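Peer 1: Read off the chains here:
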Amino acid sequence: MSSESEESQSGVEVRKAPSTLRSDNPSVANSALGNYMTIESDENLLVASASSEASSTASQSNGIIHTEHSEHKPRLLLMGLKRSGKSSISNVVFHKMAPHETLFLEATTQIKKDSMRSFMDFQVWDLPGQIDYLDQSFDADSIFGGVGAMIWVLDAQDNYMEAIVRLTETIVHLQQSFPEIKYSVFIHKTDSLAEDYREDIIRDITQRVSDDLFDAGLENPPVSFYPTSIYDYGIFEAFSKVIQSLIPQLPVFEALLNTITASCRFEKVYLFDVLSKIYIASDTSAAELATYGLCSDYIDVIVDLSEVYGWERGRKDDGSKRAKDISKQSAESFISNVKGYSLYLREINTYLALVGISKEARFEPEKALVDYNVQALQKTLKKVLRRG
Amino acid sequence: MDKFKQKTEKKKVLLMGRSGAGKSSMRSIIFSNYVAKDVRRLPTTIGVESSTFKFLGNLMLNIWDCGGQGAYVESYLHDSAERTKVFSGVGVLIYVFDVESREFDTEDRNARDLVTYSAIVKALAENSPQARVFALVHKMDLVQTDFREQVLKDKSSAIRQRSGTFQRTIRTYGTSIWDQTLYKAWGMIVHSLIPNLDVIEGILSDLVGITEAEEIILFERTTFLTVTSVKSEIGERNPYEDRFERLSNIIKTFKSSISTFTGSSTSSHQFGELYIKTTRFNLIVAMLTTNTYALIVLPPGEVELQCTRLNLFIARDQFVQLAGFSDESRKSQ
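Protein chains in written order, with UniProt numbering: chain F, 1 to 388; chain L, 1 to 333.
There could be a bad hint or two in this list.
As the list claims (entries may be wrong) - These stretches of chain L come out as covered by chain F in the derived footprint (C-beta under 8 Å, 3 or more residues):
no.	stretch
1	15-23
2	159-171
3	239-245
4	298-305
Claimed, not checked - Heads up, simulated BS3-like pairs for lysine-lysine below, C-alpha to C-alpha not over 25 Å straight-line:
no.	chain 1	residue 1	chain 2	residue 2
5	L	K37	L	K85
6	F	K359	L	K255
7	F	K328	F	K367
8	F	K328	F	K379
9	F	K82	F	K182
10	L	K54	F	K367
11	L	K54	L	K11
12	F	K382	F	K328
13	L	K54	F	K339
14	L	K12	L	K122
15	F	K321	F	K339
16	F	K339	L	K85
Claimed, not checked - A few chain L residues that face chain F, going by a derived Cβ cut-off under 10 Å, partial list only:
no.	residue
17	F31
18	K37
19	V39
20	T44
21	I210
22	E214
23	T260
24	T262
25	G263
26	F271
27	E273
28	T292
29	L295
Please keep in mind that the hints were generated in silico from the structure rather than gathered at the bench.
Since we're looking at a predicted model, the values are computed, not measured.
From the three backbone atoms N, C-alpha and C, an ideal C-beta is built for every residue, glycine too.
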């Protein structure tokens, strides 16, 4: 039995980035950390094939209304002008595509749906940019009904005036019918901007969008701005923040993580979704992007090492108390002396892991206390998650 | 302990191949912790770039990265002073072939790559007949996956035919800087260079016995190339046969993220100790001597983990006494 059958179970392709030089084994599902669910890509549902109005009317009879009612997952929409980088983002974040490979992506012509199965199920819809969704003949309800957050991807190295006009139009329009939607603007491709005026462009865009929305009568629009790039951790950080805005228990998580940070003398603590490496909560102290990057790479190391050594050894379960204890324990890892820091990881449940970074090179004597505290946190988190 | 004491051993490693084949890229990834995508910025090598590299304490690798442009090759081969200088006292010749090269036709006896290669091998045979030859067919990532095996087979046999006196000892590997094949090839090269390997392996098997470990792998500190490994019966059954290369790869990638985190660019980004505890196994990666890291895989359980950490600490002394490991650590003891 063993690995072969497990690999075929996962069935879903998770591409590994060649830039990080990892194995081409597509399966991560047999990680011993627990069988993390892979990201599933639903079949592309034809909602509207580019620009044809006839098809948009046809789509109403196409079963979308049905899907909408049958799926109660919070939905994330990726919108923006064509070629602004929407599909690249969803491929990098949810399919582990290497950033430089996104150059070869074709233009999206249909709505692409991805679902992220984690402690909470999400759907991510990638909407092609060339269609005008505000058109009256569109069944807006089938797309925007039940949407939790909308991400507008704005190409910062392009002339962004048109994009800003479209963005504000869309927000103003949607505000009337769907006031619950939260908006995030990804000021994208910031890596290509010269450092000298990167800040200026970001400020300019932020200012213009806010002004336009103000002029349209929206005083405090629920819009947040994030500079992003697929070539660094910026896109993951921004996605994390968007997803956090959809989590009702976020304040509870943050309070708990603040407590653990104080009691274990961590610098920073993240609660990661292991597979997507999006963090769903962290303590509220400020941290640099590099800290998130290190923790994220640390998870990579553990998942990769677990893949190599997590094979089924067919040890006999002798039913002893010791064997039971072992099977109950959750995965745990520790690295000491990383340039004066140390990293700690503990599996919370199948999807989540806690990663902490500490400024002490090693906390050998206190390790047991840290374990105890984190175990207590784990229990509480599980309770919170169950209620949610 | 005297029998272990040796003088520093120097090994000369020649890195040759046509211009643009990827010699310097390889060297930078293996020895200077470059990430694959960064090697694009490397300039063409002019003449011979020689660098020394301390490996396992008393083994000095003297790497001669020889520029591959026609004029240089001409001078290595035909200027008699150069010829003796370059080809004498060579321990290992690593010859890099570009798989995409148009001048390497397996059918054509006069293909320029092969002609140059056989001339170089001949020069080597005259000056250092004891040397070992490794041929790397590089940039395999450019070949479609289905054809890789066949292409490598064809090229290898063509290379072997032209290897003269080294025909029987030469080893060929397909490599690419974009995956772990590079580590596999270099792991084998390094393995062939290490003195007193059997003594090291002896101690490691003792350690496997004592700690009931499934597997112990010894890595060199800077390059994280596999020096040697010892397995127990259970360890033998691990389905992942390419794991050594993968491990080198995983840990090197992580080391480069440490350097991003700390914002410094030196090649020595180390960590003290890493362990992973899961329901199926325990894994420890820890510094064994100042030049090596050991990776130990154990059955699950807290007791096993902590005992082995202690055992490893005790084992360090024995390794330090071995020649082939660092002098500094001996002083600090």
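Peer 1: Hint compliance check: list the failing hint numbers for this structure, sorted ascending.
Peer 2: Violated hints (numbers, rising): 1, 2, 5, 10, 15, 16, 17, 19, 20, 21, 28; every other hint is consistent with the structure.
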